[in-house]
Amino acid sequence: MDTMAAIKQTFFQECEEQLVELESGLLALEDGTSEPDTINAVFRAVHSIKGGAGAFGLEQLVRFAHAFETALDLVRGGKLTATRAILKTMLSAADVLADLVRITREDGVADDAEITRMVQQLEAISHGGAAAAGSQPADAEPADDLDFVPIQISLADLIGAGPSGTRSFKIRFEPKTGFYARANEPLVMLREISRLGAMRVTCDQTRLPSLTELDPEGAYLAWEIHLDTESDESALRDIFEFVEFDCDISIEEKQVEADFDTDAFAQLMSLASGQTPPMAQPLEPRTEQIAAEIASRNESETANRKSDANKGFNQAGATIRVDLERVERLIDLVGELVINQAMLSQRVAEARIARSSALAMGLDELEQLSREIQDSVMAIRAQPVKPIFQRMSRVVREAADMTGKSVTLHCDGDSTEVDKTVIERLTDPLTHMIRNAIDHGIEKPEVRLAAGKPESGHIRLAAMHRSGRVVIEVSDDGGGINRERVRSAAIAKGLIEPEAQLSDEEIDNLIFLPGFSTAATVTDMSGRGVGMDVVKRSIQALGGRISIASTPGRGSTFVMSLPLTLAVLDGMIVSVADETLIVPLTAIVETLKPSTGDIYHMGGDSRVIRIRDTFVPLIDIGHVLGYRNKLADPQNCVVVLIDLEGHARRALLVDTIQGQRQVVIKSLEANYRRVDGIAAATILGDGRVALILDVDAVVENANGKAASSASESLDLDHDTHARAPQRAHDFATELEPEPVE
Amino acid sequence: MKKTILTVDDSRTMREMLKATLLGAGYEVMQAEDGVHGLEVLEGAMPDVILTDINMPRMDGFGFIEGVRRDSRYRSVPILVLTTEGEPEKKDRARRAGATGWIVKPFDPEKLINAIRRLAA
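Chains as they are written, first to last, in the working numbering: chain A, 18 to 758; chain B, 494 to 614.
Bound conformation, chain A alone (with noise of 0.2 Å):
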C-alpha cells in the first residue's frame, strides 16, 4: 500500500496546487481580467480535485467538489451568469475547499454543518441557473453504468439457471464501418470471447464484393460464433460493451432441456438492440485462415510497434519533482565545496605561489565555478511569491468580512522568486500586517467617502529583487498612521518620556516596540495578543528589514527587504579581541576612522560619535559580547557604521577590518545553542568557525549594558518587556546630542 499513499500525497500537493488555480481564477472572474479559457481552468481544478477524492474514497470531498462543480458546469455552459454574488458564493466555497482538503489531508474530521451550509449554496445557484436554463444539472454518472442491468436480471428470471451450470451461447457479430474508424479489432474480440469458454467460429463473408469495388476500409464480414460457458451473457455483453453501436450483434442462449422459448428471446434481444436476427452464411474452412493471417501480420505490426515505443519514454515531462531534503543536502554540500575552496584559496596564498602561475589560475577557475554551482542550486529551491500572494487575498476577504469594510488586493511582481524557506516563514507577517491593514488602515466606507476617497479600501501587494535581496510592500490607502493616538498611547503605556521629542518617522516607528497597541477595544482579528514586533522579529529572524512610512489620511506602506537565500550571506569579516566576526553587508553603511575629537561620553560607558554633522551611539563590539571588560580605544580601532531596522544608526567599534566575502550560513541553533547577539556561524577559509552577527540584537544588549552602568531604575532581565523601554529611551538619547552642537 506504500504506492498508494505516496499517490495520496501527490494527490494532496496537487489539490494545494489546483486550489491555487481555482482562486486565481475566480479572483480573475471577479475583477474582470479573466481571459476565456479561465473558467475552463476553474472547473477543471475542481473537477481534478474529485477525480482524485473519488480514487481515494474521500467521501465528503467528493461531495463537496461535486456540488461545486455542477455550479461552476453551468457557467461554463454559459447556462449560468456569473453574478459578484455568485462569485462570492464560490470564493467562499473556494476557501470551505480548502479547508476541506486540509483538514482531509491531516485525517481530521471537518464539520458537517459547514459543507452541508455551503453544499445547499452551491445547489441554490445551481438551481437557479438550472431552472433558468430549462435544463437539469449533469449528474448522469450513476445512470450510466446500469445500461444492462435489467436484461441480466430478468434472463435469470427467465431461465432459472444456476449461474454455475454451463450455457450455450449463439453470438451474431457484424461489424459497421465506424468499428474500424474506432479503432476496433474482430480478432480481439474473438480472442475474448475464447477466453469464456470453448468456441466455434464461422466467418460470414457474402457480403465481401470483388477486389476492384472493395473499400480497404469497409466492414464486409460478419462472425457467427457458437459458445459453451460457464459465464453468463452479461460477461459476453461486457466483451461488446464498446461497439454496441457500431455493429450489429444478436446473442441468444440454446435451451436444451428448460422451456424456455428461444425465439420469442431472439426476438427479444433483436428488439433491444433494434435489428432483426440475420441468417448465417458459413464459409467455415477459410475462417481459420483468415484469423491466422490476421493474427501473424498483428504480430509483425506489434513488433515494429514495439520498437518506436522505447524511442517516446525520453520525452515526456521536462521537470521532475525531487524531495526537498535531497536540495537541502545538495545546498550543504555546495556550501562545504565553498568553505573547501576558500581554505584552497588561502592555502596556496600562503604558500606565495605566484598569482599567475597556472595553480592560482586553475584555482580562480575553481571559485567561479563554485559560485555559479551555488548559485544554481539555490535557484532550485527559488519559488515564485505568487502562492502566498493568493493566500493573503483570503485574509483580505476575510478580514473585510469581519469588519465590514470593502478591500480590494492588488498584487505585483507575484513572479518574484524568493528561496523557499523564506517563503514559508513569510505568511504569518504577511497575514498579521494585512490584518492590521485592514482593521486599523483602511477606514469604514461612510467615513472613507466622507473624506472624498473611493468607498472601498485598496491594499497593495508587491514584490520586487532590489540589489541581491527581495522587497516586499504592503501598502493601504487607509487613513495612516495617526501620530497623535500612537504618542499618548506609547507614554501611556510609558514607552516614551513625555516630553520626549519624536520626529513623524520615530513615532510611527513606535508601532514596532513590543506589547504596543492602539487598538481600544481588542478585536477579533489583529488584536491577538501579537503586535508589529511580532511581525518584526520574524522578518529579523529571515534576516530581513521592515520599515514604515505613512502620510495621515493617504495610507501606510510597510516594506520588507529580505535575503534571497538563507544559506549564503554577504559580510565584512572583522576582527575584535582576537576573535572574527561576521557583519551582515547589507546593515553597514560605511566603516571609517575615528578621531578622537569626534567621540563623546555621555556618562557610565555610553559614547557617541560624531559623523558629518550627527551624532551616533557608539557600540564596543568587544564589551558588549564580553571580549574585554574595559571599553576599547576608539583611536585604534576602526568603526562600522550600521543601519537598524527603521532607520535607527550605531556605529560600531571594531579592532580591524579583514575583508569582505560572501559565507555560508551555518546555524549555530542547530549544532550548538542560541547566542545572543549572534545570528549564526560561517567557517572561514582557514578553517576557522566565526560568528555572524545579528546587529539588531548586539545593539539591544549594548542598550542594556548601558542603562545598567547608568543605574537607569528599569528591571534589566532581557526579556523582551524589559526591553521595550530601553528602546524607547533609546530614541531619545539619540537625538539629544543634537543641541550641543
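Please keep in mind that the hints were generated in silico from the structure rather than gathered at the bench.
It is possible that part of the hints are untrue.
Taking CB as the label site, the calculated pair distances span [stated by the list, open to error]:
#1 Glu52/A x Gly519/B: 41 to 51 Å
#2 Glu230/A x Asp601/B: 38 to 48 Å
#3 Met494/B x Asn357/A: 43 to 53 Å
#4 Gly95/A x Glu603/B: 12 to 22 Å
#5 Arg551/B x Met21/A: 27 to 37 Å
#6 Gly537/B x Glu367/A: 37 to 47 Å
#7 Gly95/A x Arg551/B: 20 to 30 Å
#8 Asp601/B x Asp431/A: 38 to 48 Å
#9 Arg343/A x Glu603/B: 34 to 44 Å
#10 Glu34/A x Glu603/B: 24 to 34 Å
#11 Ile674/A x Arg551/B: 48 to 58 Å
Bear in mind the structure is a predicted one, so any value in this text is a computation, not a measurement.
Even glycine gets a Cβ: it sits at the ideal position worked out from N, Cα and C.
Following the hints, put chain B in place on chain A, whose structure we already have.
Structure of chain B alone, referenced to chain A:
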C-alpha cells in the same frame, strides 16, 4: 512481450494511479499531461492502447482523439476515454471523434485492465 499504454491526463494524481495500475498489470507506460503533449509524445512512439482524459488544458481529450485519428499511423490504435463525466453526450462526442471505448473515473483497476486487455491487439 510487454504492451505499451500511453496515458494522457493533466492530473498528476491520476497519472500516478494509472501508472501504478498499469505497471502492476505488466504494461509499459508512457505518459503525457495534456492533448498537445500527448501528440508530442506519440510522435515516434506506437502505444498499443491510448488512455485519455477529456478535461485538460491546452488541448482537451476530444481534440487529442481527433488529432490521433487524423494521423494515418495511429488510426488503428484503440483509444479509451477516461473521464468522470459519464453523460451520454460526452461519450457520444468522444465516439464521434474516434474513441474506441470509455472508462468512468474513479476507475476500478480490474475493470480498467480488463478493458485494456479487450482492446489491445
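A quick look at each hint next to the structure:
1. Glu52/A x Gly519/B: 41 to 51 Å: 43 Å, holds
2. Glu230/A x Asp601/B: 38 to 48 Å: Distance hint for Glu230/A, Asp601/B holds at roughly 45 Å.
3. Met494/B x Asn357/A: 43 to 53 Å: 52 Å, holds
4. Gly95/A x Glu603/B: 12 to 22 Å: 39 Å, violated
5. Arg551/B x Met21/A: 27 to 37 Å: Between Arg551/B and Met21/A, where Cβ atoms are some 29 Å apart, the hint holds.
6. Gly537/B x Glu367/A: 37 to 47 Å: Because 58 Å falls outside the window, the suggested range is violated.
7. Gly95/A x Arg551/B: 20 to 30 Å: Roughly 22 Å apart at Cβ, these two residues keep to the hinted range, so it holds.
8. Asp601/B x Asp431/A: 38 to 48 Å: At 41 Å between Cβs, range holds.
9. Arg343/A x Glu603/B: 34 to 44 Å: 36 Å, holds
10. Glu34/A x Glu603/B: 24 to 34 Å: 30 Å, holds
11. Ile674/A x Arg551/B: 48 to 58 Å: 57 Å, holds
The structure is inconsistent with the numbered hints 4 and 6, although it conforms to all the rest.
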